[in-house]
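Student: Spelled out from the first residue to the last, the chains are:
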Amino acid sequence: MSTLIAMLLVLATLFMLGGIARKVRQYHATPAPLKIPVTPAPKSTGGVVLRLAKEVVLFAALFRASKWTWLFGWLFHVSLAVAFIRHLRYIIDPDGPFGFMMPVIGLWIVQLAGQYAAFGMLIGLGGLLARRFLVARVRYISAPSDYLMLLLIMAIAFSGFLMSFVPGFSVDIVAVKVFMLGILTFNLQELPEGTALLAHLLLVALLGFILPISKLLHIPGVFYAPTRNQVDNPREKRHIVDWAKPLDEIREDYPELVASREPKKEA
Amino acid sequence: MADYDVPEVKEYAVVPLPKDGVMNHLSPFVAKPEFQEAMGYVGKKVHDDPKKMPEYVLIDGWKEKALDKMGDLLGRYRSLQVFMDSCVKCGACTDKCHYFLGTQDAKNMPVARQDLLRSVYRRYFTFAGKYFPKLVGAKDLTEDVVQDWYSYFHQCSECRRCAVFCPYGIDTAEVTMAAREILAHIGRGQKYANEIIGKVFTIGNNLGLPEKALANVLEGLEEDVEYDIEVEVKFPLDEKGKDILLVTPSADFFAEPHIDGLIGYAKVFHQTNTSWTLSSIASEAGNFGLFIGSYENMQRISMRIREAALQLGVKRIVYGECGHAWRVGYSFLNTLAGPFDFLDQNYPIPQHICEFTLDKLEKGELTIDKSRNDDKTVTFHDSCNVARGSGMGTEPGGQFTIPRAVIKAVCNNYVDMEKDTIHDVTFCCGGGGGLLTDDLMELRVKGILPRATALINAKEEHGVTHMAAICAICKSQFTKVLPYYGFAMDQIVSVHQLVSDAIVLEGQVDPED
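If you read the sequences in order, they're chains A and B. Numbered according to this note's numbering, the first sequence spans residues 156 to 422. Numbered according to this note's numbering, the second sequence spans residues 146 to 658.
Same shape as in the complex, but just chain B:
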């Protein structure tokens, strides 16, 4: 099936020699004009013949529209304006991107990726680029350039690892988001991200799970848990007057290992007598508006959570395990959908499920039998959006210590991966930023290389058997792609799956093995 090779795993991560354009054949599918228009973007079809493959071309006057949009974004985002000017081409970022390390493509070096946009910025927006384009590497905006944008700005997962190392704090994610926003305005929206956003607006969540189906899933889950441990653990939906609204990625409702995490949250709520509910309006924590760099779409999606909180009359909002959702929740929700003066101000708004659970663990409100996880040696993958785009608790770095503290409270065997692959320099799973789609499978298989290398080393040196994560995208990417590197799907676990496995509820009867 695949016409590419899975990269060879070496004992140590090796920085490859750059090769220009070896990945330029790879671009995601283009969004249909109907979907584009529903989001306030544009699109153009070449023909309406249902027998032929659909073709979408750039809209008329695309060049002027692209430059206008670039000017508009430069005026609205300080990050973009400063980042376009500041880069000195020092090369600090060149060996930091997992997609460069996995694909060798020179244009996947962060600075080279930024330069796809910067060279056009220089040509049309700076004195030096207008009058001495060759000297400063400025380029005319042509269809080939747009094609490079479409290809390479969809080979960036907006993970911000490069930004950690940049002496000027240049964040390629901001550049990628701007480029995707420009592309969406000239007929080059990405099918995967934009159709998902469409599903959120029309159905309520990324997976397009309608309210009734969701109710059925939750009912089924209650039955499953009761069958397993003979305890009635509730999964309430749209119940008014509860304390907590839980928003969680829709993958938690049916995919493995996500759903085991959801069971974990429910057990924690059950044992701590916490009243909580899910919402059919906010049945999605994820917010793909972030990936396409659209403030407007991100706000519109965020508003569903405010609406659900108001309609259900809850006092608190808690987020389930989802990386980019947590970035939007922690860093942007207050701005986009706040102020939340109608919620209980004694708790963080919103609160992460790991913050919630650790608090309960520390207060001794949970009965934990750590030995139930003794069959595992666990490591933790810091998800990029949590690690570098958000926080937890009250201290900087809580996003690293709190999930680990939860894991260590429920597992006897825990080890970290190599230290240049965790915490704020963690490697992306390879599927973040709106790239978790089958049309980009080659990129996902190659981009996972640095994480896979670290995991294999942890397995060989410390006997690691399971890797836990708190991000739906990471979990999906790992279960699908780590098998290419010799791991089984069930070696990827949710953090709250570990909690679920170790927790002992009152009246629990364990199934006989």
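So here's chain A without its partners, still in its complex pose:
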């Protein structure tokens, strides 16, 4: 059983990282032939970094769009980030290269916040799910996968909540860490018992498989939107992509331009 779970986690991780890398490479390789930042836009690279940071960290555009969606969406994502940081302790070897992070991750406040983040995630996701049902406009645009994705992450958060807060489901977290580090060092160890733990890991693996083939691609996508990541300097700087260069070669020769160069006949 331990071996099976370990293999599944490894596969899911590789699939997720490989899938995202493939997508990032595709986004990177696809040219953006025209300057299309939504203006007003920053005039410098530093400004663009700030603009993207405001979107990624604060969800600035969403805040302008819909306060409720922002509230639930932001709460969920921040809680997810806090929970993620807490989980790093399971894969960081205190004596390994990332060991220097342990004093921070191991702080009781970080660990406690990571546990309570389950509530933030559940409230956030619950709000987003309710919105999908209750707001007619959002209901109209929702596909089954949109509901299932929320339920999947809610199930992950809920299984985590059970382990942290409900005594019957608690697990030997020291053993979990031994198991995880075992995977990373190719020295497989026994996974401790626990229904919630098993569900938690299986669902996380499933999420890993879904991520790069779903709308969760908004994770790399948010950085690659030309509408937000371009500097507003088109009058100052010419911007031409490879596929447009052949058009540059022939652009003087359009028939109407050639005709305009003929001396005019006097009427």
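Read the hints as simulated data drawn from the structure, not as lab findings. Using N, Cα and C, we set each Cβ at its ideal position, and we do this for glycine too. Treat the hints with caution; some may be incorrect.
[To be verified] Capping the alpha-carbon separation at 20 Å, the derived lysine to aspartate or glutamate pairs in DMTMM-like fashion look like this:
#, chain 1, residue 1, chain 2, residue 2
1, B, Lys-344, A, Glu-411
2, B, Lys-357, A, Asp-408
3, B, Lys-625, B, Asp-584
4, A, Lys-419, B, Asp-584
[Unchecked claim] Residues on chain B that point at chain A, a partial pick, calculated with CB under 10 Å:
#, residue
5, Val-191
6, Lys-234
7, Asp-240
8, Lys-279
9, Gln-444
10, Asn-491
11, Val-531
Following the hints, put chain B in place on chain A, whose structure we already have.
Tutor: Okay, now just chain B, sitting in the frame of chain A:
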């Protein structure tokens, strides 16, 4: 005449409940195959019988060709590829589109409009859509889908308001442009946009005004202005060796209130002793290549401006009042037709007429009598392509402050409309993006609703009498459609019409009222 109702204006903008397909009866006329072919597209006629209505069908093998084109565009435009993947269906955009607010049609919600294309992208280009289509909302490409594309991608004015609010920066305009490009490659070009582009290539401007007619119009204008104020204000055409080439939308040459704006530019040039000329080759600032998402056509149209600048030997290029022209001019001209190393590098290339005029106002080179506009209380409509697709001056947001500064310098009474309807969240006039055509009148009447609501509120709360704009499409749409909401055509003004009314030229003799 109309078999639809003009929407009721409420005190506040109301977000309606979505109704599926209430606008699916509306599509623009299809472009004739001849026009399609002249632009490098395709078309197919059912019959050649002149007595019957023409019918144009999709070309043979349309499905493969459409998917090939989609793949081609996904590989050439990062925006399209990223936007197809990123959407999480959060709903932030669902209440932001003026066409949704005005028509209630669910498919006019930006995300739903994008999904018409995205569902096909998922079906043919993604793992999840190939193997679990129902789960992820992927759809087969059928003729019904193509019909929905043709209908709803011509109910988007590419105004980018939705993109302001999208957490991932997804711009429906990019999706609409891609969809129109795909449609044009399978025999579904839009008559209005494509025939206009044809006129630019064969005649020189969107309105099909030939060189001689243009010369006559300008001569007539000189006479009119001289008759009015007894000053010889010139409107030069194709004069070599001048400093400035002015490119302006061809509507400026004969439609009201556009032409009053043109008179305004000429007066500003006159009083500042600026040497300038218009060009018969570049007698059109507008560039409908943008609307159909065609880089190739947009470049070919832009090249006319480079050609005119070279042939006339000017030092600078200035753009007249035109929204999408300014987007292409500001954001793309350098890329499409640059580098402009033969022009004077001390000025922005190109420069907007508002940038030019404000500079002259600030230097005190214009004699202005603001009281001449005291009969008006003016507000300003931010045109979508200027507001969200371009800039002015050196600071972000100059496109909002500079035109307002020009207006305030020539008018004593100015007020803004409600703040969620101006600046970067301005509402489209309802006729942009290649939709300013009579076959889409119902859409135009309904799509103007949010702007009309804000204007009516400004009128009631602040006594606004006139709305100024710096876009030929906005001005045309407003003068035609705002009368449905109780406004008179002459309540829409050009910004440079206000300048023209307030400027006092040397030796000017005012007509007696």
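Student: Among the hints numbered above, which are violated by the structure, and what are their numbers in rising order?
Tutor: The structure conflicts with hints 2, 4, 5, 10, although it agrees with all the remaining ones.
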